[in-house]
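Produce the complete structure using the sequences and hints provided.
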Amino acid sequence: MGDFLARHRSALFAFLALVVPLFLLYVHGRSPRKTTVFEVVLMDVTGPVQGAAGKVLRGINDLWEGYIALVDLAEDNEKLRGEIETLEARANRVEQVELENAKLRQMLNFVKKRRELVTAGAHVIGKDVSSYTRVVRIALDIGGDHGITEGMPVINSHGLVGRIHRISGSFAEVLLVVDARSTVSVVVRDKGVTGTLEGTNSPYSYTARMLYLHRANPLVEGDVLVTSGHDKVFPPGITVGTIKSLQERQRDVEYELEVRPSVNFSVLDTVYVVIDVLDEPAPPLKDTTAAGGAR
Amino acid sequence: MRALAIILAGFFLLALESPLLHELNVQQYAPDIVLVMAIYIGLTSSFGVGLLLAVTLGLLKDGFAFGTPIGMYAEITVVATMVAYRLSRRLVVRGPVGAMLVSLVFSIGASLLELVLSLVFVRNFGSNGGGAGLILGSMIPQALVTAPFGIVVFWLLDRLDALTTRNSDSVFM
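Chains A and B, in that order, are what the protein sequence lines are. Here this note's numbering is used: the first residue of the first sequence is 1, the next is one more, and so on. Here this note's numbering is used: the first residue of the second sequence is 1, the next is one more, and so on.
Bear in mind the hints are in silico, worked out from the structure with no lab data behind them. Every clue listed holds true.
Computed far set for chain A versus chain B, every beta-carbon distance over 10 Å:
| # | residue |
| --- | --- |
| 1 | Glu-83 |
| 2 | Asn-92 |
| 3 | Leu-99 |
| 4 | Ala-102 |
| 5 | Gly-147 |
| 6 | Pro-218 |
| 7 | His-230 |
| 8 | Lys-244 |
| 9 | Asp-276 |
Taking beta-carbon pairs under 8 Å as the criterion, some of the chain A residues facing chain B (in silico):
| # | residue |
| --- | --- |
| 10 | His-28 |
| 11 | Glu-39 |
| 12 | Ala-53 |
| 13 | Lys-127 |
For every residue, glycine included, the Cβ atom is placed at its ideal position computed from N, Cα and C.
Written out as structure tokens, the structure is:
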């Protein structure tokens with residue numbers, strides 16, 4: 001036996017190296033919606049490193065934009081130009097703070113409006129590096145330890161981002177609404193036309209399609225789609241997108257329309273995970289920092 | 001020591017890849033760095049060590065690339081390493097052009113293999129648009145983006161080899 005193993009060691013190595021990944025692929029390709037132990041382990045290994053790398057790069061970027069570039073220019077242009085640049089830097093910082101304030105205000109207004117939603121804030125720490133799937137999934141810096149479970153809706157102040165797809169202790173992965181595997185029950189606001197929103201995985205733009213059976217009212221471009229709540233996954237009334245094109249296509253017994261999501265997935269940095277929906281909304285916020293969230 | 005250094009380098013490059021592309025806003029042009037590492041490993045390592053490194057790096061890539069089921073990149077990396085190992089007896093890769101050409105050809109092969117594996121193993125593959133068309137459409141741009149990284153990764157791993165094994169026999173130059 002030992003002799004056999006020694007003689008065929010290379011062949012055995014090759015066999016194992018080919019079969020083990022194939023087995024993993026078979027298991028994970030067959031039921032992509034279930035999180036396996038192996039996936040949790042991999043996320044736990046890669047998540048902290050990816051989070052740290054993101055922080056380091058953001059730090060370098062901030063340092064470059066806020067200091068190093070200005071120092072280089074100041075060396076070239078002596079004292080007066082240096083002063084101008086210092087003022088410019090200060091103006092940039094003020095502008096950045098204003099932008100951040102506006103974003104936070106927008107988020108706060110959203111949370112105030114939807115007080116029935118119990119949310120947890122999260123930062124986007126990574127995006128899919130697979131070029132074939134584009135940015136259809138993102139990684140967040142919160143996970144099972146923060147009470148996050150699979151299927152929880154993820155939103156921001158512009159609307160629906162997606163749902164939690166896989167989780168580990170400290171990290172979670174989000175399936176975006178533009179992913180072809182995503183389905184959301186939607187209704188056209190003020191028109192009452194209900195249907196299902198599906199992602200398209202388009203490599204060129206973030207688009208989704210709405211499938212519906214019957215038009216109770218005529219639809220127009222720009223009509224706003226919100227979640228209907230019929231799927232018992234997404235709370236009703238969250239903006240999903242707008243009708244981009246009215247060129248209907250019939251698919252089986254359904255009609256389909258092209259939809260532009262309300263969220264720009266390329267610039268996502270902060271999102272909210274909806275942990276619970278209260279029957280009675282929480283009392284109005286007094287302190288602007290206590291934004292109705294778990295975090 | 002060498003194997004550990006290569007794994008750490010791969011881990012580091014993969015960890016930086018996603019946030020770096022995000023910061024530069026060029027996510028759609030992700031080079032397949034692990035594939036280039038697999039080629040280098042196949043050309044320079046013994047068979048057993050090469051396969052072990054390939055499986056580890058492939059699984060790491062699977063961990064970072066959420067879009068594909070786990071095992072996909074591990075399988076592609078193992079196959080790339082085995083092919084590179086077989087070719088290493090007949091093919092001598094020298095200089096930046098060689099590294100680029102080999103990376104280009106392997107990237108196209110990897111895309112085709114990903115397509116085949118997806119069709120065989122991934123349930124609902126391409127059932128809602130994308131799918132095969134997306135992989136085939138991205139195949140050439142992906143190869144063109146990966147090719148220049150052949151130079152960078154080969155050079156990096158060459159330096160790493162020189163540091164960890166004190167071996168001056170370079171694949172790259």
